[in-house]
Amino acid sequence: DAGITQSPRYKITETGRQVTLMCHQTWSHSYMFWYRQDLGHGLRLIYYSAAADITDKGEVPDGYVVSRSKTENFPLTLESATRSQTSVYFCASSETTGGWEQYFGPGTRLTVT
Amino acid sequence: RKEVEQDPGPFNVPEGATVAFNCTYSNSASQSFFWYRQDCRKEPKLLMSVYSSGNEDGRFTAQLNRASQYISLLIRDSKLSDSATYLCVVPEGPSYNTDKLIFGTGTRLQVFP
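First to last, the protein sequences are chains G and B. Counting the first sequence from 1 gives a position; our numbering is that position plus 945. Counting the second sequence from 1 gives a position; our numbering is that position plus 4.
Source of the hints: derived by calculation from the structure; they are not laboratory data. Please note that a few of the clues may not be correct.
As a list, the in silico DSSO-like pairs of lysine-lysine whose alpha-carbon atoms are at most 27 angstroms apart [said to hold, decoys possible]:
hint	chain 1	residue 1	chain 2	residue 2
1	B	Lys46	B	Lys83
2	G	Lys956	B	Lys46
3	B	Lys83	B	Lys49
4	B	Lys104	G	Lys1015
5	G	Lys956	G	Lys1015
6	G	Lys1002	B	Lys6
7	G	Lys1002	B	Lys46
The shape of chain B in the complex, shown without the other chains (with noise of 0.2 angstroms):
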């Protein structure tokens, strides 16, 4: 199984759409998890953390489900301007102490007028 796993889509979707990607990670010992987002031919930032059960930003909501070992992000009423690619990101170990960050392939949104 890979360390972190995302399904590459795209995805595509009319604007005001509700959108779901999933992502699925071997590292039982990780406990933050990380969304990152990445604008084409751009350096990846930081879009959610998620601690705990899950984060609420907006228009963005991550959920982790430790016993499945997934994260998913939500992002509600899709707007032109999120269209990107949404790297998952894990760290190796626990983030207290661990010095490297897992990061996925990617998923990319493409959202339609």
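Chain G extracted, bound-state conformation (with noise of 0.2 angstroms):
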């Protein structure tokens, strides 16, 4: 089926070790996001993506790494996974600027031992 996708959708892993979560969508949508959340503070912005190879950094990016090399996927890097890195993580695309509507991916739970 056409959408976006994430994979694994539950992941547990211990402290230091790099972890990656994937991301795909089948839309060819421009713009690509990674957000976490956590009680209390809602959404927040890792990365996002305007096109392949363009990445920009958001709220949160510290510790993550993402590449774009192209337009479907979008994989997101905890180099040395950390317990604070441990959230729900949603991969989002949209069609056009990030300014409108985002099409929001299922979320995978990660848990740092």
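Please dock the two separately framed chains into a single complex, following the hints provided.
Following this line, the structure appears as structure tokens:
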């Protein structure tokens, strides 16, 4: 089915390990986003991308790395996971600018022990 | 002042009731606004967009007060299925010229029989 998918849906990892969260969309949307959602903070933007090979930092980028070699994929890597990165991670895409409707993936629940 | 501020609730209302949520925003340059709905442990989904003074879609009415910088969402004849968290969302700047959305922390609605 067309849409936006994330993998894995659940992940438990240990402090210090590298982990990559995958995001794939089939709409050919230009914009893609990574958010984290924590109690009391709502959705916070980690990184976003306006097109392939163009990425920019959001509100909380420290400890994360992104790449976008293809329009449809936008992986998020935690270089050395910390407990504070335990969260629910949502990927989203938008057809035009990021200021319009964004479509979200189902989320990845990440626990860092 | 927070960029987007919402009453977290919860709002507990009986079926059939009318309930309203308010949201205040700080960026006076924002020109379009959104309400997203998020079910428990699911991704956010667009509920309504507001581009001028207001918008109505069935039982849902969104209104915008630019002078006071607040947006409201009115739900009439509440259904059990309306139970969710409602996120107020504001573009960081003018929607045609911004890459980012700012999400409120959400207002939780619980409709009981």
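Here is how each hint holds up against the structure:
At most 27 angstroms may separate the alpha-carbon atoms for a hinted pair to count; Lys46/B and Lys83/B meet this at roughly 19 angstroms. A hinted pair counts as satisfied when its Cα atoms are at most 27 angstroms apart, and Lys956/G with Lys46/B qualifies at roughly 16 angstroms. Under the criterion of a C-alpha separation no larger than 27 angstroms, the hint pairing Lys83/B with Lys49/B is consistent with the structure, at around 18 angstroms. Distance hint between Lys104/B and Lys1015/G is fulfilled; the C-alpha atoms sit about 21 angstroms from each other, no more than 27 angstroms.
At most 27 angstroms may separate the alpha-carbon atoms for a hinted pair to count; Lys956/G and Lys1015/G meet this at roughly 24 angstroms. Between the alpha carbons of Lys1002/G and Lys6/B the distance comes to roughly 20 angstroms, so the proposed pair stays at or under 27 angstroms and holds. Straight-line distance between C-alpha atoms of Lys1002/G and Lys46/B comes to about 25 angstroms, which keeps the hinted pair within the 27 angstroms bound.
Every hint from the earlier list agrees with this structure, and none is contradicted.
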